[in-house]
Structure formats: structure tokens, C-alpha cells
Amino acid sequence: MKESLLYLAVFAIGLVLALLGVLPDVLLSASISKWILYGLLFFVGIQIGSSKGAFLAIRSIGRRIVWVPVATTLGTFAAAAIASLILPLRSLTDCLSVGAGFAYYSLSSILISGYRGAELGTIALLANIFREFMVLVFAPWMVKHFGPLSPICAGGATTMDTTLPVITRYSGTDYVVVALFHGMIIDFSVPLWVSFFAGLG
Amino acid sequence: MIQILLSIISGVAVGYAVRRSAFTKYVSRVIQIIILLLLFFLGVSVGSNKEVVNNFGAIGLDAFVIAALATLGSLIGARMVYKLFFERKKNDV
Chain A
3 MKESLLYLAV FAIGLVLALL GVLPDVLLSA SISKWILYGL LFFVGIQIGS SKGAFLAIRS
63 IGRRIVWVPV ATTLGTFAAA AIASLILPLR SLTDCLSVGA GFAYYSLSSI LISGYRGAEL
123 GTIALLANIF REFMVLVFAP WMVKHFGPLS PICAGGATTM DTTLPVITRY SGTDYVVVAL
183 FHGMIIDFSV PLWVSFFAGL G
Chain B
368 MIQILLSIIS GVAVGYAVRR SAFTKYVSRV IQIIILLLLF FLGVSVGSNK EVVNNFGAIG
428 LDAFVIAALA TLGSLIGARM VYKLFFERKK NDV
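As you go down the protein sequences, you meet chains A and B in turn. For the first sequence, the residue numbers in the numbering used here are 3 to 203. For the second sequence, the residue numbers in the numbering used here are 368 to 460.
Source of the hints: derived by calculation from the structure; they are not laboratory data. Don't take every hint at face value.
Below are the DMTMM-like pairs computed for lysine to aspartate or glutamate, each with C-alpha atoms no more than 25 Å apart in a straight line [said to hold, decoys possible]:
hint, chain 1, residue 1, chain 2, residue 2
1, A, K146, B, E454
2, A, K36, B, E418
3, A, K146, A, D176
4, A, K146, A, D163
5, B, K392, A, D163
6, B, K417, A, D27
A quick note: this is a predicted structure, and the numbers were derived from the prediction, not measured.
Here chain A stands alone, though its shape is the one from the complex:
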């Protein structure tokens, strides 16, 4: 929670400074953020390449654990497709790109603004912050009505860090390994899915 507030604050500072018109033009060019973005993805890759945990989790819980990220992904994409029918201004690939952020708001908003501009990037930032926020606030309600896996699927990429404490508390410690495995898989899939959907026309 503290981290999302920090991210929102930094975003807001940039926004206010631009509104006030006090920034030099150099900072307004899109190419700086593009190169920083490639650097970011390189480091995300390093994180993926150097991690170990995923295989250990499969061994301890069995192969059914892989169905949890599948449920998250399919459930999210189906619902995002429905959202595009409700929202007249947002296309199917807009909604799928935003949904594919899986609460990883920082990375997804940056990627999406690179592909589709600042407006959809801002939607991705807000939507994915909302998603994390809902898990932090409604986890007990989720467990009661949708079972112990539900805050894990709802938490998307955050289940190995920011939402892990609430999952541990309301789903039970039995589900910590599931949450870690799930968070890792979804985390890694975010840049791939977002680039895929946002790159489609």
C-alpha cells in the first residue's frame, strides 16, 4: 500500500509540474522514456533469468498448481472483453491490454503508454492500482464467497509481494506457496501479454 502511494505521488508530481509548464522541453520528448523502458525490461529479464522458486513450488503442491495462473489469466481476459462491450470509447485490445496488467500497474502503464499513448497508460495505471486495492480491502469477502484461491487470482502479479500478507491471513498459510508461484508466473507474463495485446492494431 505504501508503495502504491509512492508511485501515485511521483506520477502526480510529474503531472502537476507539466500542468504548471515549468519543465524544459527536453523532458517532454517521448524518446527518453522509450530508452529507459528498454532498460527496465532488460532488468525485468534479469530478474526472471536469475529466479529459482517456481520449480520447487510445483514439486511441493503438484501439477494442479498451474491451473491457478490459468484461471487468473482466462478469467481476467474474458471479463476485460466484456468491459470493452460496456465502454464505448475502449476497444477490445485496449481493455485486454489494461487487463493484462494483472495489478502490476507500474510496468503495465509504462508499456501501454509506449504503445497507445498517455491516455490508455493512465487508465492502466489507475485500473491496476484499483485491482491491488480491491484485494487488500476485500480479501476476506473474496475468500468467503469464492474460496481460498480467490484473493490469489484477484491479486494477479502482486501475490508474491504486496498482497501476500492478506492472502496468508485470509486464505491461510497453506496457500503461501500457491501465491508465490502464481505471482511469479503472472509477473513474468505481464510484459509479454501487454506487448502482445497493445501491439495488435
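Based on these hints, arrange chain B on the given structure of chain A.
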């Protein structure tokens, strides 16, 4: 798209090569700092885009609708997978 994939893939290769070095401990910190920098730039591009500024309320509403539905969709998926694969074997989870 191709630059994005190349950035990730080269990172994975380097990450695998250095997976035993102490350097990997700092990677998540580096990522966080770069993300902060980029979010600042996202704020700047939003603030200097009149159209986005004037429609901020509508944008927030769209974001909320997508977030609420996406969360609900994943809750339904979670319930199905729990019923299918987890419930009977509760004791050995």
C-alpha cells in the same frame, strides 16, 4: 514489439548467467527506481496532454469498470479451479 522482446530475452540470458552472484539482490531495487522515473515521465506526458487532462473523470471511470470486471472474472476463475482441483484434496494442499 521486437525491441521489447529483445530487451527481455537478453535480460533473461544475462540473469541466468549471473544467477549465483550477489548482484541479483539489487535487481528489484534498480527496477523500482527505473519505474519511479518512468512514472514521473508518464505524469509529465499526461499533464502536458490537454485531452487527457480534460477527460480525467471519464478516464478514471473507465479504469474502475475494467478493474472491477477483471477482478470479478478472476474470482470466478479461482472458484472454478478450486472446485475442480483443490477442494477434494484439501488436506494435502
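Against the structure, the hints:
1. Restraint check for K146(A) and E454(B): the C-alpha separation of about 14 Å stays at or below 25 Å, so the hint holds.
2. Proximity of K36(A) to E418(B) is assessed by CA-CA distance (about 22 Å); at most 25 Å being required, the pair is judged to hold.
3. Annotation: proposed proximity of K146(A) to D176(A) holds, straight-line Cα distance about 16 Å (limit 25 Å).
4. Annotation: proposed proximity of K146(A) to D163(A) holds, straight-line Cα distance about 22 Å (limit 25 Å).
5. Only pairs whose Cα atoms come within 25 Å are accepted, and K392(B) paired with D163(A) is accepted, the gap being roughly 15 Å.
6. Straight-line distance between C-alpha atoms of K417(B) and D27(A) comes to about 16 Å, which keeps the hinted pair within the 25 Å bound.
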